[in-house]
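J.: Chain by chain, the residues run as shown.
Number of protein chains: 2
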Amino acid sequence: MSFERAAELDSQDDLFGKRELFRLPKDIIYLNGNSLGPLPTIVLQRLDMVLNDQWGQDLIGSWNKHGWIDLSKEVGEKIAPIIGAAAGQVICCDSISINLFKLLASCLQLKPDRKCILSQKDNFPTDLYVAQGLQNLLGTVNCELKMVNASQLIHALSENVAVLMLSHVNFRDGAAHDIDILTKAAHERGALVIWDLAHSAGVLPLSLDEWGVDFAVGCGYKYLNGGPGAPSFVYINNKHHNNFTQPVNGWMGHLTPFNFDKNFVPAKGVDQFMTGTPPILSLAALDEALSLFIDIDVAQLQKKHMLLSEYFLDMVKQHSELNDLQLVSPRNANKRGAQLSFSHPEAYAICRAWEEAGVIADFRSPNLLRVGFSPLVLCFAEIGAAVEALAEVVGSEIFAESRFQRRLKVT
Amino acid sequence: MSFERAAELDSQDDLFGKRELFRLPKDIIYLNGNSLGPLPTIVLQRLDMVLNDQWGQDLIGSWNKHGWIDLSKEVGEKIAPIIGAAAGQVICCDSISINLFKLLASCLQLKPDRKCILSQKDNFPTDLYVAQGLQNLLGTVNCELKMVNASQLIHALSENVAVLMLSHVNFRDGAAHDIDILTKAAHERGALVIWDLAHSAGVLPLSLDEWGVDFAVGCGYKYLNGGPGAPSFVYINNKHHNNFTQPVNGWMGHLTPFNFDKNFVPAKGVDQFMTGTPPILSLAALDEALSLFIDIDVAQLQKKHMLLSEYFLDMVKQHSELNDLQLVSPRNANKRGAQLSFSHPEAYAICRAWEEAGVIADFRSPNLLRVGFSPLVLCFAEIGAAVEALAEVVGSEIFAESRFQRRLKVT
Chain A
1 MSFERAAELD SQDDLFGKRE LFRLPKDIIY LNGNSLGPLP TIVLQRLDMV LNDQWGQDLI
61 GSWNKHGWID LSKEVGEKIA PIIGAAAGQV ICCDSISINL FKLLASCLQL KPDRKCILSQ
121 KDNFPTDLYV AQGLQNLLGT VNCELKMVNA SQLIHALSEN VAVLMLSHVN FRDGAAHDID
181 ILTKAAHERG ALVIWDLAHS AGVLPLSLDE WGVDFAVGCG YKYLNGGPGA PSFVYINNKH
241 HNNFTQPVNG WMGHLTPFNF DKNFVPAKGV DQFMTGTPPI LSLAALDEAL SLFIDIDVAQ
301 LQKKHMLLSE YFLDMVKQHS ELNDLQLVSP RNANKRGAQL SFSHPEAYAI CRAWEEAGVI
361 ADFRSPNLLR VGFSPLVLCF AEIGAAVEAL AEVVGSEIFA ESRFQRRLKV T
Chain B
1001 MSFERAAELD SQDDLFGKRE LFRLPKDIIY LNGNSLGPLP TIVLQRLDMV LNDQWGQDLI
1061 GSWNKHGWID LSKEVGEKIA PIIGAAAGQV ICCDSISINL FKLLASCLQL KPDRKCILSQ
1121 KDNFPTDLYV AQGLQNLLGT VNCELKMVNA SQLIHALSEN VAVLMLSHVN FRDGAAHDID
1181 ILTKAAHERG ALVIWDLAHS AGVLPLSLDE WGVDFAVGCG YKYLNGGPGA PSFVYINNKH
1241 HNNFTQPVNG WMGHLTPFNF DKNFVPAKGV DQFMTGTPPI LSLAALDEAL SLFIDIDVAQ
1301 LQKKHMLLSE YFLDMVKQHS ELNDLQLVSP RNANKRGAQL SFSHPEAYAI CRAWEEAGVI
1361 ADFRSPNLLR VGFSPLVLCF AEIGAAVEAL AEVVGSEIFA ESRFQRRLKV T
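Residue numbers (the working numbering), protein chains in the order written: chain A, 1 to 411; chain B, 1001 to 1411.
Just so you know, these hints were derived from the structure itself, not from any lab.
For glycine and all other residues, C-beta sits at the position ideal for the given N, C-alpha and C.
Some clues are possibly wrong.
Claimed, not checked - Result set (SDA-like, lysine to any residue): computed pairs, CA atoms no more than 20 angstroms apart in a straight line:
1. Lys1317(B) <-> Ala1389(B)
2. Lys1317(B) <-> Gly1395(B)
3. Lys1026(B) <-> Lys121(A)
4. Lys1121(B) <-> Glu1074(B)
5. Lys115(A) <-> Asn1136(B)
6. Lys121(A) <-> Asn1263(B)
7. Lys121(A) <-> Gly1395(B)
Stated by the list, open to error - Facing chain B, a subset of chain A residues (Cβ under 8 angstroms, in silico):
8. Gln57
9. Leu137
10. Phe260
11. Phe264
12. Gly276
What the hints assert, rightly or not - Just the calculated beta-carbon pair ranges, DEER-fashion:
13. Gly67(A) <-> Gln1318(B): 33 to 43 angstroms
14. Glu159(A) <-> Lys1335(B): 54 to 64 angstroms
15. Asn242(A) <-> Tyr1348(B): 26 to 36 angstroms
16. Asn242(A) <-> Asn1142(B): 25 to 35 angstroms
17. Gln1152(B) <-> Ile294(A): 49 to 59 angstroms
18. Gly1017(B) <-> Gly17(A): 41 to 51 angstroms
Just need the whole structure built from these sequences, with the hints factored in.
T.: Right, dumping it as structure tokens:
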């Protein structure tokens, strides 16, 4: 019966055909597009072209002839509509960590009387590491990282907070912050905001311009399917283009890079955010992957992953073997990203056994099973089959002993 | 006659066969491998494998199954013998500019009583921009950039110099510093050294360990042929592994990145130099390109590009049309990298016209024609043909008027 429901949902899915645009192995169900998006087939043609016809044929001339020199900005312009940004505010270079370093340092310069970076204890760790590194460099007198629980964020927006740095969607449990509310709260207290959109760009509707967000970063290789280690994107709101300076200067951020002046003069707008030469092969893959988003509204993507995850939850309910899976993600689909996380004492072993059965999900220490619902890639039939496989795995002999012991504890 | 000499030199060249390993367009002569090395054919197979068999088949599992997680270090280990480094001291990530930022900040922390970064006025500009950015961030009280002429470097090594940052080979004129002598001089005055090997790694014999160099960076896409924007490498001498900390922290530099702790604990050795996720497609291309160096001694490469450039100079002498080309590179081949630079009032127009004639070289503002001799790629017959084409270009009608006017001035 559940499979009939899956077939019905698939038949109503406007995005169903999109999965044909990916190279997906036949024998697996991929519930980890939130870690690494799968390969869009069109990327193969693009890389073939970049390698053979550009690097292999026009060599150094490709920087102009094939637009490599503008590729970071071109990619940024393709990402802009996905995150609710008008043109000229997004550029693609380096990693999220490095871009956050640049932004955090800039925010402290923009707010010279304030020394505090406010974030969340359960923010994605690398974001916190970046702040810690900057704190070590500048000294705690000049830069203090304060980490609080999510519920304490607004209360913690003291007059010393220069910038509120948060991930939109939590990597562990998928809980989504309300960017609009938190941005307004920060601005009311005189602080800037940096939003990390790694787990929301491409799956949640975003309106960065409308919300007045100051800065944002995001990931090229998760829901944007740009390939392993694809460069990160950065959003710099127009309102900061004339007062913004970032400290990791390099020739690609120079106003006239080919003059080879010995003094740095920053380029205008987002261009000064660049540092060194970007990795063109990786950047071209992301550029091509973004072509899949051209005719899609992110609201469609959100609708689909909400349906996928709700169907997953329905199916879980139908299997008593899965009673021990505890949902730790928000139950309200509007309050989460495109993932569900479940705690289970045997989460690690279950994740491995599920993988043996052909379903790729993710384990997050210490006890979370993380299931991603990349809406361009997945169909409902796969979700049905994945839960069947999960029930089989969890109900199997391997886990019988631990199930028994948990029930003993309960009684 | 000169072509007979070229044939003779080609027949004596042990490296002649190596050019077959590159995808070189038939109709051009490429004298710009010092800007972007050409495409090693084997990179096509590697990228095909990374795209289809790894990303496209094993998806997220490729990080372990196909060693992506260790690729930055693997690439570093392949570069180590090329720069005279024992294992465990080289890693490949980010751009040169970003790596210099990390190193400069680290050097200032290693020498807390010293505030000065000493460099050369004519250093590659991006290296100077990085220092200027750090100076802006830390304030001039904590970080001062001093730029002097090459001849003043040793004299300028005052007690306030924390680090001497230099390019081994000058990008304009190809002049090579003596790393051994300058490193010793810096150490005698209590300063650290950072060498930028962008224009020497792969063409000049290097002995970083033997010379006691503290830190170095270098480029993946010039003589190492790693592809456009290939990640940079960084060398951190073993002696600094226990006291070194770099400030741009990220999860890839954490001791236990997959524990997702909220506090940063640096990895041991060079691993802590990593920041974010590296661009795997670009990194894999470089990894594969380095396989061309496995059976080659860098001394062979130096011998060949010295012969190539000397043959170029001989040929230039034989053409009176080229009398106005003024060599600005050191005349002694032992004192330069794998390039020759010539000044000429019409350098820009000549470079463009030479390109029309099928020879790709480089123009450097305001008046330099820069000719690179990538020793794996070029043969002597090409050098002969390139000079013939240059003589034809410079002797042509287009340049007749300016030649005439220059001669008027002389008389």
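J.: None of the hints should be skipped; say for each whether it holds.
T.: Against the structure, the hints come out as follows:
no. : hint                                         : result
1   : Lys1317(B) <-> Ala1389(B)                    : holds, 14 angstroms
2   : Lys1317(B) <-> Gly1395(B)                    : holds, 14 angstroms
3   : Lys1026(B) <-> Lys121(A)                     : violated, 59 angstroms
4   : Lys1121(B) <-> Glu1074(B)                    : violated, 35 angstroms
5   : Lys115(A) <-> Asn1136(B)                     : holds, 17 angstroms
6   : Lys121(A) <-> Asn1263(B)                     : holds, 10 angstroms
7   : Lys121(A) <-> Gly1395(B)                     : violated, 71 angstroms
8   : Gln57                                        : holds, 5 angstroms
9   : Leu137                                       : holds, 4 angstroms
10  : Phe260                                       : holds, 5 angstroms
11  : Phe264                                       : holds, 4 angstroms
12  : Gly276                                       : holds, 3 angstroms
13  : Gly67(A) <-> Gln1318(B): 33 to 43 angstroms  : holds, 41 angstroms
14  : Glu159(A) <-> Lys1335(B): 54 to 64 angstroms : holds, 60 angstroms
15  : Asn242(A) <-> Tyr1348(B): 26 to 36 angstroms : holds, 34 angstroms
16  : Asn242(A) <-> Asn1142(B): 25 to 35 angstroms : holds, 27 angstroms
17  : Gln1152(B) <-> Ile294(A): 49 to 59 angstroms : holds, 56 angstroms
18  : Gly1017(B) <-> Gly17(A): 41 to 51 angstroms  : holds, 50 angstroms
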